[in-house]
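Chemist: The listed protein sequences correspond, in order, to chains G and A. So the first sequence is numbered by the working numbering: it starts at 1 and just counts up by one. So the second sequence is numbered by the working numbering: it starts at 1 and just counts up by one.
If you are wondering where the hints come from, they were derived from the structure by calculation, not from laboratory data. Where a beta carbon is used, it is the ideal one built from N, C-alpha and C, also for glycine.
Label pairs and their calculated CB-CB ranges:
1) N133(G) with F125(A): 22 to 32 Å
2) Q78(A) with S126(G): 51 to 61 Å
3) L129(A) with F274(G): 23 to 33 Å
4) T228(G) with Q109(A): 34 to 44 Å
5) D175(G) with K132(A): 30 to 40 Å
6) Q78(A) with Y275(G): 22 to 32 Å
7) S43(A) with K295(G): 45 to 55 Å
8) E264(A) with E71(G): 36 to 46 Å
9) E245(A) with Q246(G): 46 to 56 Å
10) E245(A) with E173(G): 42 to 52 Å
11) K295(G) with T228(A): 17 to 27 Å
2 protein chains.
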Amino acid sequence: MWLKTIVILEPYMKKFALVAMLCASSYVQATDSVNQEEWRQLSAENVVVMTLPHGNVYIELAPQFSPKHAERFKSLVQSGYYDDEKFYRVIDGFVAQAGPQDGSDKDKQVKALTMEDEFSVTDQFSYTLVQKNDMFAPQTGFKDGFALGHSPDEKKAWMLHCPGVIAMARGTEPDTGSSHFYITNGQAPRYLDRIMAVFGRVVHGMNHVQAIQRTAGIEGQDKIEAATFTPMVKVRMMSDLPKAEQIQLQVQNTDSQAYTKSLEERRNRSSAFFYKKPKPVLDICQTPVNTRIVKS
Amino acid sequence: MWLKTIVILEPYMKKFALVAMLCASSYVQATDSVNQEEWRQLSAENVVVMTLPHGNVYIELAPQFSPKHAERFKSLVQSGYYDDEKFYRVIDGFVAQAGPQDGSDKDKQVKALTMEDEFSVTDQFSYTLVQKNDMFAPQTGFKDGFALGHSPDEKKAWMLHCPGVIAMARGTEPDTGSSHFYITNGQAPRYLDRIMAVFGRVVHGMNHVQAIQRTAGIEGQDKIEAATFTPMVKVRMMSDLPKAEQIQLQVQNTDSQAYTKSLEERRNRSSAFFYKKPKPVLDICQTPVNTRIVKS
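Construct the entire structure; sequences and hints are all you get.
Modeler: This is the structure in structure tokens:
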């Protein structure tokens, strides 16, 4: 499977793909213990299936980092709250935002949450380090496949606004988010790190997120009619779907030795394609954590 | 117009949009000289209109930075070379790549170009500085709306792989690019800076780039049939289109004082929405350079 993974990482020329395949075989790892499994099975109780008119978006929740927001979203999903609601604010290179009509009964029935913009960690906080001196965070890394920022000095960590994360929208004050959410659809808006509650990420179907109808055009463009806005046909927890509609998803185990090795390969760019070596740094938001479907 | 611009920059909550509108009025600039115009008119001779089945993509070429590649692309466009060819390699969060069938007569008829991965500059090189100590470049900034990296020590500058740039694909060797191109569709793959020839950027229609059919799924997913790949219906220079199909595009003048002020506002995040201030740094690839359509 690493063959395929590495080919996907650097896929822009067929000739190069061949080179990558030749190089990649040395990274196939033995998996001796559970901890070292290259893939992690997602729990159907923790995966949201958002059905858009053009396809399904699969989102893994992160209750380990944003417990109240993940729980709230799951609870709203299970009540059918988001069915037929629309993405009413969709900006190129920024976010697709959805929720019920502002100020409606449905909107007001949901109470505001206390912000979960970061969390406290001990000196023993363990995760897979990706980069020090990232422009926005002292350190970045992965835990359970989620991209985190980490400040050892402050003993804090936080989920990063990489493409495809889901976070709760809010008003000016921090503790005002309730049910409206956004999914980032372009270059990571990292300046939102530590002031918004990110609570999950898209693990499959990012193409469908990127295809959501934009609601705001550029100056001089014809108005985009609200009737064309993309609705959520239905939003369900995977575990609540009929068995025939469920799929088994696995995500690369970012805690594994194999994943750490792949980071080093990615950092060092040993392929001949890199006739000049780039700086040996990694933008965590441009570092793939792959997903696969397992046939049961 | 700055009102609208700044609302678009930070548009994820209606309540916040109101705050931004109130703050923004102080950034309306007088435009005393041509150099200080807030908007720059694009030349129809320098804009490519790529018609996809689902909409038009408008690309401004950058002959000032990659003269041979911009000229080659324009020449191929004018010969109808790309019409009906397909995006055959489209990867989520990476690139959409297109061109004729590998090894076909059409493919072989086009000669390889000498690489234009960076260019030499003098100590007097002038551009709008955005950030020092970007993770991949000593300095970043805009010139003519294009995102550049700059190394004063090396006296070199280069076009950055921000989302929406167009660059020539190539083989393992640097001087092998000819007609196949890619457009970046996700988080900026900055590790490709300085080893690929970027020669333009999408100024309008990035939503249509993001909606191009992916050609590679994830492991376990059904094969994506080549018949579903997105074709280019036609690709033309704007100036060669019938007048009725031409539109007049303007792009923010990144050399203007108004734009520099907007960068400072973006860096300092004075809005109350930022109840904790992010680090006062800017990811140039997440710094919008807006486009507008002018009715003639």
